[in-house]
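Asks: Residue strings, one per chain:
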Amino acid sequence: MNTKLRERDIEIDFTNAIDTLVFDQMKAGQPNYHGIGEMHRVDFIVELDEAILFVEVKDPGNPKAQEKGLQKFRSELNDGTLSSTFASKFIDSFFYRWAEDKLSKEVYYLSLVTLEGEVLPNFSDEIAKKLPPAGKSSQRWHRHPVKNCQVFNLETWNENFPKWPVTRVAAVTVAGVKQ
Amino acid sequence: MLEKLELTNFTSFERLDVTFSAKINVIVGENGTGKTHLLKAAYALCAGAPLFKNKSDLNDDELATALTTKLIRLFMPLDDKLGKLHRQGATEQAHFSARFFQGQKISATFFNNSKALAIQSRANYEKFQNEAVFIPTKEVLSFMKGFNSLYEKYGLSFDQSYQDICLLLDLPEIRPENLNAKSKWAIEQIEKVCDGRFVFYGGGKVTFRTEHTEYSANAMAEGFRKAGMLARLLETGAIQPGASGPLFWDEPETNMNPKLMKLLVEILLEMARNGQQIILATHDYVLLKWFDLLMDNKGKDDHVRFHALYRDGDGRVKVDSVDDYRAITPNAIADTFNELTKEQVNKKMGGLGK
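Protein sequence lines correspond, in order, to chains W and F.
Using the working numbering, read the first sequence as starting at 1 and increasing by one per residue.
Using the working numbering, read the second sequence as starting at 1001 and increasing by one per residue.
Hints in this document: simulated from the structure, not taken from any laboratory.
The beta carbon of each residue, even a glycine, is placed where N, CA and C say it ideally should be.
Certain hints may be false.
[Stated by the list, open to error] Across the chosen pairs, the derived CB separations fall in these ranges: (1) LYS147(W) x LYS1192(F): 27 to 35 Å; (2) ASP1296(F) x ASP19(W): 33 to 41 Å; (3) ASP1296(F) x LYS147(W): 17 to 25 Å; (4) ARG140(W) x ASN1257(F): 36 to 44 Å; (5) ASP79(W) x SER1149(F): 50 to 58 Å; (6) GLU159(W) x SER1149(F): 54 to 62 Å; (7) ASP1292(F) x ALA170(W): 23 to 31 Å; (8) ASN62(W) x LYS1184(F): 39 to 47 Å; (9) ALA65(W) x LYS1081(F): 37 to 45 Å; (10) GLU1222(F) x HIS144(W): 38 to 46 Å; (11) ASN62(W) x GLY1351(F): 27 to 35 Å; (12) LYS27(W) x ASN1274(F): 38 to 46 Å; (13) ARG1015(F) x ALA65(W): 39 to 47 Å; (14) ALA170(W) x ASP1296(F): 50 to 58 Å.
Chain F on its own, in the form it takes in the complex (with noise of 0.2 Å):
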């Protein structure tokens, strides 16, 4: 689990530190203030576990290589470019580091001429072996057929966040008496709301199959091929609750509707109650708020906090951390609803009161 992450120069970041629940972490912010940036940051210092699971005994360099091509497939930069990664202006050197809570950690730096990164410290990263899963804004089931092989010989346009979730979709099914009872309850429970359930065949095959019939994946919903990719990694043992690193989800609420987004929220808190780490980013105030009301601090223990990025009046992105919705500030969500408050006003109430 992650517990720390420090930014400096990094992107659009002077400097950033998020301290992480271990349960459930929301983002949210206007457009801009690098709420994915942030997660894929976060995820590619993650990136250590797949590493270090093939080859225990990875070198500084080799360790450095392998987070440098992370970070330029999942934020594309100009030219495939680390340095442009580096905070334009910033005459210091970037600088990001994640501290995981069994204690490991790794600290890494760049200039925006470096090439490479160059690891600045670690200690006991090469421990930290629960891979991270990374659920794109966009839903894959539709256009994976194929996908893999497409992208690992062309310059696809797509961050290497939608290969790495193809790849952890595609693989079998873990055997079902290592199936979390958790996993298997909210499976069970998207098929009911979906009345079925995707296949998936291998090579990125995907159908949709009801009890009596079987569909094209692409003849579903948008909303429905979300959750059924979460029902998937379920499936895979992807996302392993107890076992698994981190899950990073961006924008769960694409293309979702407010019925399907209730019953997501109650997957997540019983992921989370199971030990599974979730951070995710959000625009959503239906999602946040199904949140707050389903949340149960005192007899579940649950834990959300809401990590508010904003601009301060010199434009340097901030980040605010509290664990009430309500105390989040500034909350570019509630802004936006009472912008909609005034401007009813403004068009109905013809100066009156004013």
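Pulled out of the complex, with its shape left as it was, chain W reads as follows (with noise of 0.2 Å):
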């Protein structure tokens, strides 16, 4: 099994993994294909002993991002798009998990944004408030669906994570052709 899982320039290597998946796979005929494009989807996901990781990964502060990409990712951070898709993207790959019956453990949603760390905290708490149960409480409820929401940039998700480092690659090119 491979523990190092790739979204563009963005590397992290889950040591301790006892499985992992590139979840977002969108091209038939390669392993776990997703398949619904309707869905939203998380770019990984982590199994551990003891837990499940839902991993999304944006990187805004990459130093080749296009200057119209970064208007829109702003312009979406500050009217709240961004959140709401970072909800859709945990709530959908939810419900594809337990269709696949694969949410055996508790599961986390941890980010992956490279934004500064001071917009980190609000950030993770403004797409925690759209996740069920929406920052209320239901007595009925005997399951929490996710144990923690929070945004990292490579930093603090390296400072916080030790057993996932987290590198930026640069990107293999051969005979000029980007890989």
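Using the supplied hints, reconstruct the complex from the two chains, each of which is provided in its own coordinate frame.
Replies: In structure tokens:
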């Protein structure tokens, strides 16, 4: 099993994972083909002995990021669309994994977004309150769908999760062609 | 405008050199690193301006006496003794000096048993006549009625920056033709956001007037009272971009909501574009971020310099001055947000990933 998962230039090594999955695989014929384009998808799902991690990666801090994309990202961050998208990714992925009967452990939703550390606590809370039960408490619930919903940047991720080191990897070029 | 400040063995500073931007300066740092002391020391050294306006041939002794009084009233050292401002444990003299953009200089020294400062040197200091303004942390509109006479008569536990600001707020309005267009714009913006204006009757009496009625100033939100102080200082010409000395502002964010903060930063940037030097101290990320987002260093030639105060391994206060918010190290404000992230991990991740 490959413990290293990569989303464009960001690579995370979940060294103690017992299973890893590129969850948003939309190429037919590839292992773990997702196949339902209508559903939002997190990037990775990682199974540990005692927990399941849903992982979403966004890299606005990439030195190669284009101005147009950054403007869209900033505007979605400001108007709340981005947190809604992050919430939808969790909810739909959760539903999908439930249908696969793969939700036997507690789920943690960890996102890696290359933003300034100052905006992360607030952005984490913004996503969390859009996840069921939307900040309410229900007496009838016996389980909570997400144990922790939190957003990190490269520095805070590495500081808090030494067993899952994240690195920015340079794109491999062969004869000038990006692979 | 203040260009450079040097402090040696003064309060908690063993040795600190700060080079200011002619536009906007933001001082950050944890509690106890001396942000307010830095502002007050700089403000005290600007105190020559009103002195020389009143008496242009002030000699060194008279100047030393006046600056000593200013320092004591601003810092309120124990038993009103100047020597208490000498850094504890220092064996050398306390020394502080300021250099202004037009080449004027002043430097002074004292020791732990000195009754007054000794002017060490001065160059064209009498020519620095642009009066500085210091806005302290607390708003004053709610208590300025009668404050000045009380302050003169009794030993109140307010430092002199409160008296100074009350006196400036009580000045009459400048003639409309002399009101800077940008000041007029800023006053209108503040009135719009507060939905009315503060009216100053003299003697510290202040009310708040809307289109239909008049209220006690105390009935207004503290954040509005703070914004009202800025509007009034512009209205009286105490702050006149291009003509007045530096504007010092200690924690402008206190009691201000984030929306008001955006307007405040827009106004400060506009004032700086028109020649107003601004030196403020803050703990607030929102204020820093608004500067970062609203400044236009290309089209409008904005400049914001961040001065981070911190203690080194030996407990000495140091300063790191940078022109990009992201380059501030150490950044006590950013560190606090990282602490929040860490605490949530500790509380909710149960050791996963460690």
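Asks: For each hint, tell me whether it holds in the structure or not.
Replies: Status of each hint after checking the structure:
no., hint, verdict
1, LYS147(W) x LYS1192(F): 27 to 35 Å, "violated, 47 Å"
2, ASP1296(F) x ASP19(W): 33 to 41 Å, "violated, 50 Å"
3, ASP1296(F) x LYS147(W): 17 to 25 Å, "violated, 44 Å"
4, ARG140(W) x ASN1257(F): 36 to 44 Å, "holds, 38 Å"
5, ASP79(W) x SER1149(F): 50 to 58 Å, "holds, 53 Å"
6, GLU159(W) x SER1149(F): 54 to 62 Å, "holds, 56 Å"
7, ASP1292(F) x ALA170(W): 23 to 31 Å, "holds, 28 Å"
8, ASN62(W) x LYS1184(F): 39 to 47 Å, "holds, 45 Å"
9, ALA65(W) x LYS1081(F): 37 to 45 Å, "violated, 58 Å"
10, GLU1222(F) x HIS144(W): 38 to 46 Å, "holds, 40 Å"
11, ASN62(W) x GLY1351(F): 27 to 35 Å, "holds, 31 Å"
12, LYS27(W) x ASN1274(F): 38 to 46 Å, "violated, 58 Å"
13, ARG1015(F) x ALA65(W): 39 to 47 Å, "holds, 42 Å"
14, ALA170(W) x ASP1296(F): 50 to 58 Å, "violated, 33 Å"
When each numbered hint is compared with the structure, violations occur for hints 1, 2, 3, 9, 12 and 14.
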